[in-house]
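Add chain B with the ligands to chain A, keeping to what the hints say.
Residue strings, one per chain:
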Amino acid sequence: MNNLIRFDNVTFSYGSRNVLENIDLEVREGEFLAVLGYNGSGKSTLAKLINGILVPTSGKVYVDGMDTSDENMLAEIRKTAGMVFQNPDNQIVATIVEEDIAFAPENLGLDPAEIRVRVDDAIKAVGLEKHIKDAPHKLSGGQKQRVAIAGVLAMQPRCIILDEPTAMLDPKGRSLVMGVIERLNREKGITIILITHFMEEAALADRIMILSDGRVAVNDTPKKVFSDRDRMISLGLEVPPVTELTLNLIRNGLPLEKDTIHPEELIDSLLKMKEEEA
Amino acid sequence: MRDITLGQYINGDSVIHRLDPRVRLILTLAYIIVLFMFNTLLQMVLALIFILLAYALVKIPAKMLLKSLKPIIPIILFTSVLNMFFIKGDVIFSFWKISVTKQGLYYAAMMSLRVICLIASSSLLTYTSTPIQLTSALESLFSPLSRIGLPVNDLAMMMTIALRFIPTLLEETDKIMAAQKSRGANLDTGNFIQRAKALTPILIPLFVSAFRRADELALAMECRCYNGGEGRTRLNALRIRGLDWIAAAVFTACCVMVFLAGRLPL
Ligand SMILES: Nc1ncnc2c1ncn2[C@@H]1O[C@H](COP(=O)(O)OP(=O)(O)OP(=O)(O)O)[C@@H](O)[C@H]1O
Ligand SMILES: [Mg+2]
Numbered sequence: 001m002n003n004l005i006r007f008d009n010v011t012f013s014y015g016s017r018n019v020l021e022n023i024d025l026e027v028r029e030g031e032f033l034a035v036l037g038y039n040g041s042g043k044s045t046l047a048k049l050i051n052g053i054l055v056p057t058s059g060k061v062y063v064d065g066m067d068t069s070d071e072n073m074l075a076e077i078r079k080t081a082g083m084v085f086q087n088p089d090n091q092i093v094a095t096i097v098e099e100d101i102a103f104a105p106e107n108l109g110l111d112p113a114e115i116r117v118r119v120d121d122a123i124k125a126v127g128l129e130k131h132i133k134d135a136p137h138k139l140s141g142g143q144k145q146r147v148a149i150a151g152v153l154a155m156q157p158r159c160i161i162l163d164e165p166t167a168m169l170d171p172k173g174r175s176l177v178m179g180v181i182e183r184l185n186r187e188k189g190i191t192i193i194l195i196t197h198f199m200e201e202a203a204l205a206d207r208i209m210i211l212s213d214g215r216v217a218v219n220d221t222p223k224k225v226f227s228d229r230d231r232m233i234s235l236g237l238e239v240p241p242v243t244e245l246t247l248n249l250i251r252n253g254l255p256l257e258k259d260t261i262h263p264e265e266l267i268d269s270l271l272k273m274k275e276e277e278a
Numbered sequence: 001m002r003d004i005t006l007g008q009y010i011n012g013d014s015v016i017h018r019l020d021p022r023v024r025l026i027l028t029l030a031y032i033i034v035l036f037m038f039n040t041l042l043q044m045v046l047a048l049i050f051i052l053l054a055y056a057l058v059k060i061p062a063k064m065l066l067k068s069l070k071p072i073i074p075i076i077l078f079t080s081v082l083n084m085f086f087i088k089g090d091v092i093f094s095f096w097k098i099s100v101t102k103q104g105l106y107y108a109a110m111m112s113l114r115v116i117c118l119i120a121s122s123s124l125l126t127y128t129s130t131p132i133q134l135t136s137a138l139e140s141l142f143s144p145l146s147r148i149g150l151p152v153n154d155l156a157m158m159m160t161i162a163l164r165f166i167p168t169l170l171e172e173t174d175k176i177m178a179a180q181k182s183r184g185a186n187l188d189t190g191n192f193i194q195r196a197k198a199l200t201p202i203l204i205p206l207f208v209s210a211f212r213r214a215d216e217l218a219l220a221m222e223c224r225c226y227n228g229g230e231g232r233t234r235l236n237a238l239r240i241r242g243l244d245w246i247a248a249a250v251f252t253a254c255c256v257m258v259f260l261a262g263r264l265p266l
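Chains as they are written, first to last, in my numbering: chain A, 1 to 278; chain B, 1 to 266.
Chain A with its partners taken away, still in its complex shape:
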């Protein structure tokens, strides 16, 4: 499969200090990439470089072959790579859910019938059909964040970049939003770049990239990344709760796999052990 997004030796600085240094990155179409890193490691900066909000100080970023430093391509780039931010309150523009979702297609100058179709599809994809006529400020945080996702979906992007979309949500809102993100990736084949501080969310990705000091420190599958607990700690991060639990159980003598990263895996192995005992 071809690369939808490509960073070619990208360096970026806000002033004198380089926030990102010599980043090379390739994201395949349909891939689910999680980006981790301690606070201030440059994750949000990386996200903003993808859709041309920021332009590299040196090096190039390509989205579907389009150079983000080419101003004429910006509209096309932003249509291809949509972005969802942390605070849902600050990305909803309109006073009615459906009008907010229609915002991007309206900006693209589509005709009303086509906008209608896109709005209805997008709202269905995030499961908020019942709230289409509601006022956004009356919705819960998780619902607002799903409206924000729908607002981006209405552009029919091939890639969605989410910058800590669940950071301000309660556990229920978080799992609903993650459910939507996974479904968009699996069912619609939309490329996902998820920036997060929650390791259990990163465990759902195809690949994890860890930023440290503006460089790519790790770039591997979740299983490989999370099986090296010491390295995660040294990067200022941790492993998913279920991995932590598994490691504890191993230390207590249970014959489990070190690279257990999903709760279901642990449950399965425990059940299997119990069967074998019986």
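Derived from the structure by calculation, the hints contain no laboratory data. Note that the coordinates shown come from a computational prediction; the quantities given were computed from them, not determined experimentally. One or more hints might be untrue.
[What the hints assert, rightly or not] Calculated lysine-lysine pairs in the DSS-like style (CA-CA distance at most 27 angstroms, straight line):
hint	chain 1	residue 1	chain 2	residue 2
1	A	133	B	59
2	B	181	A	138
3	A	138	B	175
4	A	124	A	188
5	A	172	B	175
[To be verified] Here are a few chain B residues that face chain A, going by a calculated C-beta distance under 10 angstroms:
hint	residue
6	131
7	161
8	165
9	167
10	213
11	216
12	217
13	219
14	224
15	226
16	227
17	232
18	235
19	237
20	240
[To be verified] Here are some chain B residues pointing at chain A (derived, C-beta under 10 angstroms):
hint	residue
21	160
22	215
23	221
In this text, a Cβ means the ideal position worked out from N, Cα and C, and glycines have one as well.
Only chain B with the ligands this time, still in chain A's reference frame:
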């Protein structure tokens, strides 16, 4: 508290609700202009009947209408009294140095009816239109002015965003107030200057947060391909339909009849 984004809007499905908001706006303006052209009492009474019929059509309870009229009762009384006593003409009765004239009474009645109709009609507009509908109506009506450089679309967008963020900022104000009170801020006592000073620790965080929100919102809008108003289309584009033509025709017919009624010797 009432939802500020809805203003005074009363949800409904009446004929007037179903009109294009531009038509509602223009008819209301036309009604107000016509009110000032009428100069006989009969015409004023007919105008009042017209607006009352409109209220009946929308099924807004009389209580609502009276409530919106309440604040202007002193003004009505004041102008009526002035008219009654100071317009010269055929004296009906007089005491001390003041005399009430027939013309005075007539004009007092005219003025009162005119003010009542004025308030009733503009309230009817806000009862049947959300602020957002009015915004898009104004945007569409003023859109020709964008050709001479007036940023009509941008102004409408600003209005929409203001309406969207008022509830959010109100909520935030409540939170900040609670936070400052829990740290011992005293907001409710003292003289005017003390209380104004006590507001500083509320306003500053509020402004800081509003600017941060504005920043993030601008970014999010840019990511969603916002590029100023040019070339934008609308999901719910305003459309003039048969009903709107009928309403305009009925209104015009009524106006003509009332103007003719003004010629009757009365
Ligand atoms: N607009 C800006 N001007 C100057 N410096 C900035 C700006 N935005 C971010 N920085 C700096 O760049 C560095 C990287 O910031 P960035 O927001 O990309 O980090 P992050 O990994 O997203 O952090 P977090 O996990 O807190 O969201 C930080 O040291 C930050 O202080
Ligand atoms: Mg960040």
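Okay, the hints, checked on the actual structure:
1. A/133 x B/59: holds (23 angstroms)
2. B/181 x A/138: holds (26 angstroms)
3. A/138 x B/175: The given pair, whose Cα atoms are some 17 angstroms apart, holds under the 27 angstroms limit.
4. A/124 x A/188: holds (13 angstroms)
5. A/172 x B/175: holds (23 angstroms)
6. 131: holds (8 angstroms)
7. 161: Where the cut-off is 10 angstroms and the nearest Cβ of chain A is about 6 angstroms from residue 161 of chain B, the hint holds.
8. 165: Cβ of residue 165 of chain B sits 9 angstroms from chain A, so the hint holds.
9. 167: holds (5 angstroms)
10. 213: holds (5 angstroms)
11. 216: holds (4 angstroms)
12. 217: holds (5 angstroms)
13. 219: holds (7 angstroms)
14. 224: Check passed: Cβ of residue 224 of chain B comes within 4 angstroms of chain A, closer than 10 angstroms.
15. 226: OK, holds: residue 226 of chain B within 10 angstroms of chain A, min 5 angstroms.
16. 227: holds (6 angstroms)
17. 232: holds (5 angstroms)
18. 235: With Cβ-Cβ at 4 angstroms, under 10 angstroms, it holds.
19. 237: OK, holds: residue 237 of chain B within 10 angstroms of chain A, min 5 angstroms.
20. 240: violated (15 angstroms)
21. 160: holds (6 angstroms)
22. 215: Holds: closest Cβ of chain A sits about 8 angstroms from residue 215 of chain B, inside 10 angstroms.
23. 221: holds (6 angstroms)
Hint compliance for this structure: hint 20 alone is broken.
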